[in-house]
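Enquirer: Generate the whole structure from the sequences, applying the supplied hints.
Protein sequence lines, in the order shown, are assigned to chains D and B.
With numbering that gives the first Met the number 0 applied, the first sequence has no gaps in its numbers, which climb one by one up to 558 at the end.
With numbering that gives the first Met the number 0 applied, the second sequence has no gaps in its numbers, which climb one by one up to 558 at the end.
No lab work stands behind these hints, which were simulated from the structure alone.
Each hint should be verified, as a subset may be incorrect.
One copy or any two copies: either way a pair holds, since identical chains are not told apart in the list.
Claimed, not checked - Listed below are the simulated SDA-like cross-link pairs for lysine to any residue, each with C-alpha atoms no more than 20 angstroms apart in a straight line: (1) 190 / 434; (2) 190 / 511; (3) 233 / 37; (4) 246 / 299; (5) 190 / 445; (6) 4 / 533; (7) 4 / 107; (8) 233 / 200; (9) 272 / 303; (10) 190 / 444; (11) 448 / 549; (12) 418 / 484.
Number of protein chains: 2
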Amino acid sequence: MADDKRKLANGKDFIDFQTDPSRYRHWKLSIDGDVATLAMDVDENAGLYEGYLLKLNSYDLGVDIELADALMRLRFEHPNVKVVLLRSAKDRVFCAGANIRMLAGSEHPHKVNFCKFTNETRNSMEDASENSGQRFIAVINGTAAGGGYELALATDYIMMIDDGSTAVSLPEVPLLAVLPGTGGLTRVVDKRRVRRDHADVFCTIEEGIKGRRAVQWRLIDDLVSPSKLEEQVKATAGDMATKSSRKGPSEGVKLLPVERTFRPDGIDYGYVKVDIDAAQRVATIVIRSPEAPSTADIEKQGSRFWPLQTARELDDAILHLRNNAYEIGTLVFKTDGSPACVRAYDEFLDAHSDHWLVHEIRHYWKRVLKRVDVTSRTLVTLIEPGSCFVGTLAELVFAADRSYMLLGQMQGDNRPAAKLELTRANFGVYRMSHGLTRLQTRFLGDSDKLVDLEKEIGRELDANEAETLGLVTFSLDDIDWDNEVRVFIEERTSFSPDGLTGLEANLRFAGPETMESKIFARLTAWQNWIFQRPNAVGEQGALRLYGTGQRPAYDMRRV
Amino acid sequence: MADDKRKLANGKDFIDFQTDPSRYRHWKLSIDGDVATLAMDVDENAGLYEGYLLKLNSYDLGVDIELADALMRLRFEHPNVKVVLLRSAKDRVFCAGANIRMLAGSEHPHKVNFCKFTNETRNSMEDASENSGQRFIAVINGTAAGGGYELALATDYIMMIDDGSTAVSLPEVPLLAVLPGTGGLTRVVDKRRVRRDHADVFCTIEEGIKGRRAVQWRLIDDLVSPSKLEEQVKATAGDMATKSSRKGPSEGVKLLPVERTFRPDGIDYGYVKVDIDAAQRVATIVIRSPEAPSTADIEKQGSRFWPLQTARELDDAILHLRNNAYEIGTLVFKTDGSPACVRAYDEFLDAHSDHWLVHEIRHYWKRVLKRVDVTSRTLVTLIEPGSCFVGTLAELVFAADRSYMLLGQMQGDNRPAAKLELTRANFGVYRMSHGLTRLQTRFLGDSDKLVDLEKEIGRELDANEAETLGLVTFSLDDIDWDNEVRVFIEERTSFSPDGLTGLEANLRFAGPETMESKIFARLTAWQNWIFQRPNAVGEQGALRLYGTGQRPAYDMRRV
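Expert: The following block contains the structure:
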């Protein structure tokens, strides 16, 4: 599980994406009025796996899980925080990037999924800035190499100490023969608009760029002398806080631990249930709604409020499967419960969209659904009697590579025939990474179709109607259902997992690209290629030999 | 050379990109008024390499070189052709796609570069349609599998015979564990706007989709009964011809053979010279201008007209290096000649942009420059005394990963100091695959800068000015020149070729993506990854075992 080549530290047998500040080993979160400080202080002895030390604030997936948790808490638990200072608690070191020994010793699936998660975490910083007015400032006090500089690139403003030696760098290509794996190349040219030839120079200089040239080339925003640093940080943070649109209450909602029970063949959460069929290589994820909605005093309900609790559970389930169960090739989504209840929640969220907590919950659902989109597993949605695919949950129908909907009832089953129902949430709330909604992507360029579909909001669509409207792939009656679905899943899991990953990554994102989607498409795909190439990972490859004093031997042919 | 694993057929020692209709082995080009027919009739015994037969109109790079040649001639030699019928001369077979045995036996660099060239060829069909009103109709009379259907996808209109058995298919994932490599996935969802779940079904059904479902899912445009096919093809072609904007004369210009002499260390063309330094792994490409422009009677000058001849020579040089000299990691661009002459040509082309031949020449230069952009070699431009980097040729400065410009004169050299000069051609004529000009990409989002630069049109900029304006990376005086340039190139060629390929592919295309750029980025990068994965190319991989009757053994872990 997780990585066949390495052993998880402390006898753990899976990677756990749940944590909380009391358990952090690598980050310190402190709040001072409307300014938070997120200080990186990596404990080199607390690596996720055995076999390496996390020196110089280098990170592994465990470090990033804490960062992702802190970012979630900043949005939900600290709605008054307007500015987050991303700093290092270590002297003369900001962050040395992803730990090389960890990377060199990891199997391909772990490397790829490590990069995917760290990308999602950095995107979530930008999401907080863009959508919640929570602005980020990186304060670079020393070495900011590779992933360390990429961390800074995800912030809104990069300050660097002018001590004559501190530089920013992306030394991956010259040193390790791989690419910066966390969006660095894309952010340098697309976000910071560093000129491409400057970027070329920057990305091939091991020692990086310091001083005024770093400002001139737009690699950083501000260069500050050591004696003025604290004062300047304070002034910049204060200025940003003044300009922030954020106006949450001083107290947020506590994110209680996600409760779950692991079974040998699955996981039980409160509203989410995962059943794993190891022989078939399928995981079925069932999302349950309550009988009736509970929308009173949502701040008091806090993380137990159904939309929030369910999103957190689904998020954890996806991450668990992605990182701990590579052999599971297909995720089947189902729902179980009351369509009226799900509709009521969607309507409540829509009616209170300017409530800070509702705002955060919807953006969180957006991020969870985006995580689903970039999950390299076949995604199937089965819409059966007793289900509640309404609005927000119907996004899982549109996120799926295919969906099957049962016509009428199942023999010997009294539950009502399956319905599919659109709400306003399907028309703009949950945008994919490339900027379109899932329905816009599904009906690319056909705006008439979208106008027609909006008229269907609130109508319970049976399987025939849903198929005619193009909302599901196939409708089947109960005579064909079991057989068709079984044959499809069996066939699917017989194909090459790599072929499917490539296929799905290309078919899911029709239409435009954004900086975010470019990171997952262009950059990630090239990095995955390089992560397979002998020049990086072979016996004589640079990633393998780094730190041994031996020089890598390259096959010099250009592909 | 070309491919270490295979031997080129007929004792050839390099892949030749030059051909002409009298030498075609696989295509028949015929013209009837304003409708041309390009009939595929692959000679199975005339493969580019030894060791496979090109059965069922399957193709290898040699087949595609002829297609690319025919498409060029249709634009230059047949300016009156408004519609091109893409057909098969074989019974019940349209095209079976890329030859699997060729692919299975090819080394990685050949596979990748084969796909790159076939992509460029299909893009050139779409370019002819969009920019020259030369519309394409695919007439599918039988098997159109994989690359065969992808060929049809590059046309404007797909007709298919309704004979009860003919289908279109993309069976790569289920059969071969690779992706359709010639834009198929992108064109299915982005161009034809096939719904993503339908596309998922389509791309996983080996036998493909036929009959009315193919129309309903938008995979084809027209389904025609066998008895009506010829009549319907004629009517559709006639209708398209009527609507075409193309209005070229009945006679075009003959594309004479590109004259070149191969030396052990280079190639001499008329205006282009390639010098290969095998030890340094560098090829220097020098483009020479005449002393004075010759712009009288350009149709009579035909393919000897300097802008056209130079573009063809540069195109051939790039293709030669790309496909025959993998070990060359760096392309250095230089020019030699008269800035006034190059300026005069640019001004002439600009003043006569509505002349059909000028129009074609400029679009051809655009395509050649795009070929440079996607060439996975480090691109460097050196701007030295005696050079003529003006307008069109200055695009090579902006296409380069880096450029160096010499300040003043070289000791002992009387040639005038280097100048760089912009013309109107730099502001919209030569768009990159992602839709922006190279200057727009260079100064992404800074429209003021572009306004300022337009004011510089016609000014001879010295090295200091060019550097200050951001048009070159570095200006150096003659004391530093040799050493700096040498150190840069030596350092560059010491890096991992794969790392550089990924780096350059990510830094060169800041900004938006188009369907075309998505094909080269998202799709190609994923395909390259898959082309490295054991599930496709390993001993037990699907591509290796195809046709042996053995089933592939997959590592079932999802990455």
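Enquirer: Look at each hint and say if it fits the structure.
Expert: Hint check:
no.	hint	verdict
1	190 / 434	both (16 angstroms within a copy, 18 angstroms between copies)
2	190 / 511	both (17 angstroms within a copy, 12 angstroms between copies)
3	233 / 37	within (14 angstroms within a copy, 70 angstroms between copies)
4	246 / 299	within (19 angstroms within a copy, 73 angstroms between copies)
5	190 / 445	between (30 angstroms within a copy, 13 angstroms between copies)
6	4 / 533	both (18 angstroms within a copy, 18 angstroms between copies)
7	4 / 107	within (10 angstroms within a copy, 27 angstroms between copies)
8	233 / 200	neither (33 angstroms within a copy, 56 angstroms between copies)
9	272 / 303	within (16 angstroms within a copy, 72 angstroms between copies)
10	190 / 444	between (27 angstroms within a copy, 10 angstroms between copies)
11	448 / 549	neither (61 angstroms within a copy, 46 angstroms between copies)
12	418 / 484	within (18 angstroms within a copy, 68 angstroms between copies)
In summary, the numbered hints that this structure violates are 8 and 11.
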